[in-house]
Amino acid sequence: MAKITAGVATSHVPAIGAAIDNGKTQDPYWQPLFAGYEFGKEWIKQQKPDVVILVYNDHASAFDMNIIPTFALGCAPSFAPADEGWGPRPVPPVVGYPELASHIAQSVIQQDFDLTIINKMDVDHGLTVPLSLMFGQPDAWPCKIIPVAVNVVLYPAPSGKRCYALGKAIRKAVESFDDDLNVQIWGTGGMSHQLQGPRAGLINEEFDNDFLDRLVDDADNLAEMPHFDYLNLAGSEGVELVMWLIMRGALNDKVKLKKRFYHVPASNTAVGHLILENE
Amino acid sequence: MSLDKPYKHIPGTTVFDAEMGRLGYHLNQFCMSLMKAENRERFKANERAYLDEWEMTEEQKQAVIDRDYNRMMATGGNIYFLAKIFSSDGISFQDAASTMTGMTQPEYAQMMLNGGRKPDASNTFSGDKNG
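Chain order of the listed sequences is Y and V. Per this note's numbering, the first sequence starts with residue 11, numbered consecutively. Per this note's numbering, the second sequence starts with residue 29, numbered consecutively.
Simulated from the structure, these hints should not be mistaken for lab results. Mixed in with the good hints there might be a few duds.
Residues of chain Y clear of chain V, computed beta-carbon distances all greater than 10 Å [claimed, not checked]: (1) 185; (2) 209; (3) 215.
In silico BS3-like links for lysine-lysine, alpha-carbon gap of 27 Å or less [said to hold, decoys possible]: (4) V/64 <-> Y/130; (5) Y/13 <-> Y/268; (6) V/64 <-> Y/171; (7) V/64 <-> V/157; (8) Y/34 <-> Y/13; (9) V/36 <-> Y/51; (10) Y/171 <-> Y/266; (11) Y/130 <-> Y/269; (12) Y/34 <-> Y/264; (13) V/146 <-> Y/266; (14) Y/268 <-> Y/182; (15) Y/13 <-> Y/55.
Here are some of the chain Y residues that sit facing chain V, going by a computed Cβ distance under 7 Å [as the list claims (entries may be wrong)]: (16) 56; (17) 161; (18) 165; (19) 208; (20) 211; (21) 241; (22) 274; (23) 277.
Note that the Cβ used here is the ideal one computed from N, Cα and C, for glycine as well.
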């Protein structure tokens, strides 16, 4: 059967993608950030996942104000990198896994999550920056990807509790798929950041470090945190962190912490990164 | 009974909720149109004429012309949509963010290098959020 073996959490700041695409990863500004991902790049070469379920949010690229799905599951055979206004990132196309994705859709909807199914979608930096951070710059991504796009742009995003429960439902869905597959789930976005208004630039290191710690071994309680606390303490865009709870919900109650990294700043944002393995 | 919106108490922050999304629908869709090169060219050639093609309020149109991002957000703009405007202008997210804070771009960049804006009593809400 298919099995979720590990989870990865990472920020997906667009400037990180631009630094990679423009060969600036060793610049003094960027070098400390990319050093934090060296372990992950080696680790994932050993892990060799067959498929990554990649939880991210679209940033007014594939979805405009006409259609705003709360949870959207990408079921297409492939997804093109989006043109976000300055041309698509020079990264390989994302190869999907329609058989597993449609299986997950059916199972998760029957577990009372009203997913939106997406059969055509371009994917923006929210999805491609994490791939670049973990896989570098290959000619083709080394595994299949199932995008899970979460609305965190138009308030309210789904609650942390709902995201955590969705993770559990995704796990159950994966484990009822007959093929033997090594599946990872990634949660992306965050950490604290605010891109707008007189309070732009807010970074809350205490909040972020507490979140990183509790995601590992206190996730049941962390999932109860209300939206207000994310918005107030981690910034208006910090609410993206609810997506990490989908990843965490899909893992075992007890996990092994393989990597923990925190860095400020990347542009306007605090960067966090975790690698968790199921025991 | 009205909806509870405690996030309206958060200083210096506009939360893009369903009500703002309704007010800003045409403004945000205008922004989306700038993802196409031909539209960017038409907008740059005559901003006023291009804006007049959209069912936006006069205040929204003037805020776009003035590149007053706080006013655009106050009238329903969302930052990820508004990003299409400053991207068309060739301005980075960090530089655009600085214009909303009253700081100069170098001051803002230095603040981020120093670890960002620290949370304190002046920029977070610590009262009764239901009050």
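Quick rundown of the hints versus the structure:
Residue 185 of chain Y, annotated as away from the interface, keeps every beta carbon of chain V farther than 10 Å; the closest lies near 35 Å. Not every C-beta of chain V lies more than 10 Å from that of residue 209 of chain Y, the closest at about 3 Å, which undercuts listing it as non-interface. With 10 Å as the threshold on Cβ separation, the claim that residue 215 of chain Y sits away from chain V is violated: the shortest Cβ distance comes to roughly 7 Å. At roughly 19 Å between alpha-carbon atoms, residue 64 of chain V and residue 130 of chain Y fall within 27 Å of each other, so this suggested pair holds.
For the hint linking residue 13 of chain Y to residue 268 of chain Y, the alpha-carbon distance of about 19 Å falls within 27 Å, and the restraint holds. A threshold of 27 Å between alpha carbons decides the hint, and for residue 64 of chain V with residue 171 of chain Y the separation of about 38 Å lies outside it, so the pair is violated. Between residue 64 of chain V and residue 157 of chain V the alpha-carbon distance is near 42 Å, which puts this suggested pair outside the 27 Å criterion. For the hint linking residue 34 of chain Y to residue 13 of chain Y, the alpha-carbon distance of about 37 Å lies beyond 27 Å, and the restraint is violated.
The hinted pair formed by residue 36 of chain V and residue 51 of chain Y fails the criterion: a straight-line CA distance of about 42 Å is larger than 27 Å. Restraint check for residue 171 of chain Y and residue 266 of chain Y: satisfied, since their Cα atoms lie roughly 22 Å apart, inside the 27 Å limit. Between the alpha carbons of residue 130 of chain Y and residue 269 of chain Y the distance comes to roughly 34 Å, so the proposed pair goes past 27 Å and is violated. Distance check on the hinted pair: residue 34 of chain Y and residue 264 of chain Y sit about 38 Å apart at the alpha-carbon level, beyond 27 Å; violated.
Proposed proximity of residue 146 of chain V and residue 266 of chain Y is contradicted: the alpha carbons are some 32 Å apart, above 27 Å. This hinted pair checks out: residue 268 of chain Y and residue 182 of chain Y have alpha carbons roughly 24 Å apart, not beyond 27 Å. As the CA atoms of residue 13 of chain Y and residue 55 of chain Y are separated by approximately 18 Å, the hinted pair is consistent with the 27 Å bound. Checking residue 56 of chain Y against chain V: minimum C-beta separation of about 34 Å lies over 7 Å; hint violated.
Hint status for residue 161 of chain Y: violated, given a least beta-carbon distance of 11 Å to chain V, over 7 Å. Interface hint at residue 165 of chain Y: satisfied, since its Cβ lies 4 Å from the closest Cβ of chain V, which is below the 7 Å cut-off. At a threshold of 7 Å, the smallest CB-CB gap from residue 208 of chain Y to chain V is about 4 Å, leaving the interface hint in force. A cut of 7 Å between beta carbons decides the hint on residue 211 of chain Y: the least distance to chain V is about 4 Å, and the hint holds.
Checking residue 241 of chain Y against chain V: minimum C-beta separation of about 5 Å stays under 7 Å; hint holds. Taking 7 Å as the C-beta cut-off, the interface hint given for residue 274 of chain Y holds, the closest approach to chain V being about 5 Å. Taking 7 Å as the C-beta cut-off, the interface hint given for residue 277 of chain Y holds, the closest approach to chain V being about 5 Å.
Hint check: violations occur at hints 2, 3, 6, 7, 8, 9, 11, 12, 13, 16, 17; the rest are consistent with the structure.
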